[in-house]
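**Q** Here is how the chains run, residue by residue.
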Amino acid sequence: MKFAVVVNEGPYTHQASDTAYQFTKAALEKGHEIYRVFFYHDGVNNATRLTVPPQDERNVQKNWSELAEKNALDMVVCIAAAQRRGILDEGEAKRHGKGEGSANIAPGFRISGLGQLIEAGIQADRLVVFGD
Amino acid sequence: MSDTKRFLYVNRKAPHGTVYALESLEVVLIGAAFEQDVSLAFLDDGVFQLVKKQVTTGIGVKNFAPTYRALGDYDVKKLYVERESLAERGLTEDDLMEVTHENDDEEDVSSIEIVDRARMAQIMAAQDVVLSF
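Residue numbers (the working numbering), protein chains in the order written: chain A, 1 to 132; chain B, 1001 to 1133.
The hints are simulated quantities; they were obtained by calculation from the structure and are not laboratory data.
Any given hint could turn out to be false.
No farther apart than 30 Å at their CA atoms in a straight line, the calculated lysine-lysine pairs in the DSSO-like style are these [what the hints assert, rightly or not]:
1) B/1005 x A/25
2) A/2 x B/1062
3) A/98 x B/1078
4) A/2 x B/1053
5) B/1005 x A/30
6) B/1053 x B/1005
7) A/94 x B/1062
8) B/1078 x B/1062
The following block holds chain B by itself, in its conformation from the complex (with noise of 0.2 Å):
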């Protein structure tokens, strides 16, 4: 088997109220180094991670928000974000952050890809590690 494995991070709950999404991503930097296929899909609440403009100073935590658009820099660029969990929430391509990496041609291109529900089972069955949060 090759040691390079096609790892998935199910990103299912909302930012900040539980600190899932805050320690997936740290799985997701750590798992950088280990130069894996790495990508990420967000449904259900975790859509709300990928909101832009989030401002947490009045709940006191730490706003991890921005680490989501350097994760190009870590080689991490399939960011999969379900369709139907976006509109059931009152949600739209435009309600979210920005997060591009660099194309072979050194172009910023975006790594957020939108897709339905049906696609997002063909990823997920096409994945050999898929860690869910």
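Only chain A is shown next, with the shape it has when bound in the complex (with noise of 0.2 Å):
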């Protein structure tokens, strides 16, 4: 079968992305196809590359980047929820004046807008909404 997974809420506050990342890897396992993870609302916050949690406790943006470079995962986070929350790529730190080095997207996560996520609906059998 061919999922479409969304994530709405951050890491570590809720259990949601930790949830769907569990769901895709067993899915990915059992032979399914993921056709994207789009990330939306606070799902944002798992895209950036600067959390640093404790060394005993999962890492849930990294458990996310190297299930995205092991099954070359489609992993998009959403643009203009990104902005209003300080997720950045190269383009949009500079198109935005915010200094180089700045950008703080972790790998295997791309940006772009939520024709993305009306899309995987369509070509997705299921879609399926990690949320509160």
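Combine both chains into one complex, guided by the hints.
**A** Right, here's the structure in full:
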């Protein structure tokens, strides 16, 4: 089956991102296809490379980045939600004059528009929302 | 499979206190460009999103409530509001803003339909994609 996954909450405060990660990982292990993982609302905060959780805790961002690298996952962060919350790639940091080195998007994530969410809903057999 | 799917946006949270209502509306507006079969559901505290005469000047946030009234221009014509959710919050249909669209005879007709919980479940079951906010 072809799944699209939506993550609507940030890391650590809510379980949504962890559950979405476990779901995505399990689906891939079972041989399903993940068409896209879309991060919206505070979910965009999963995509900052600047989190430094204590060493004895899980690293939510790193979990996602590693899963993406291993499985060539398409992980998309909504641009409007990301800009409100300070998640920037090189291009956006430059465009908004935020200074060199201020891009904070983590490996495996890309910033794009809400159209990517709708398109995922159209293309996937099932769209699964993880949120509050 | 046809390229047109039935999309339902489920709104469950009050506006302004959290960002969900505003960002849900942004998805609906962007999604309109994809020419899908779109419906909106308002239940639980989500019914507060459609309450009329919202004023947000005192809390310093953008009042996006007028945007609901423009949904007809985006070809979004089906807004289902759950009757029980209204009643549980002491609200009636009279407390809701007018949201209209133009029908085939170029008459303005209401986009809002009050439905009971059982009907809402049927509406949800009939969708291809349910986005819950």
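**Q** Look at each hint and say if it fits the structure.
**A** Against the structure, the hints come out as follows:
{"no.": "1", "hint": "B/1005 x A/25", "verdict": "27 Å, holds"}
{"no.": "2", "hint": "A/2 x B/1062", "verdict": "38 Å, violated"}
{"no.": "3", "hint": "A/98 x B/1078", "verdict": "42 Å, violated"}
{"no.": "4", "hint": "A/2 x B/1053", "verdict": "44 Å, violated"}
{"no.": "5", "hint": "B/1005 x A/30", "verdict": "27 Å, holds"}
{"no.": "6", "hint": "B/1053 x B/1005", "verdict": "34 Å, violated"}
{"no.": "7", "hint": "A/94 x B/1062", "verdict": "27 Å, holds"}
{"no.": "8", "hint": "B/1078 x B/1062", "verdict": "25 Å, holds"}
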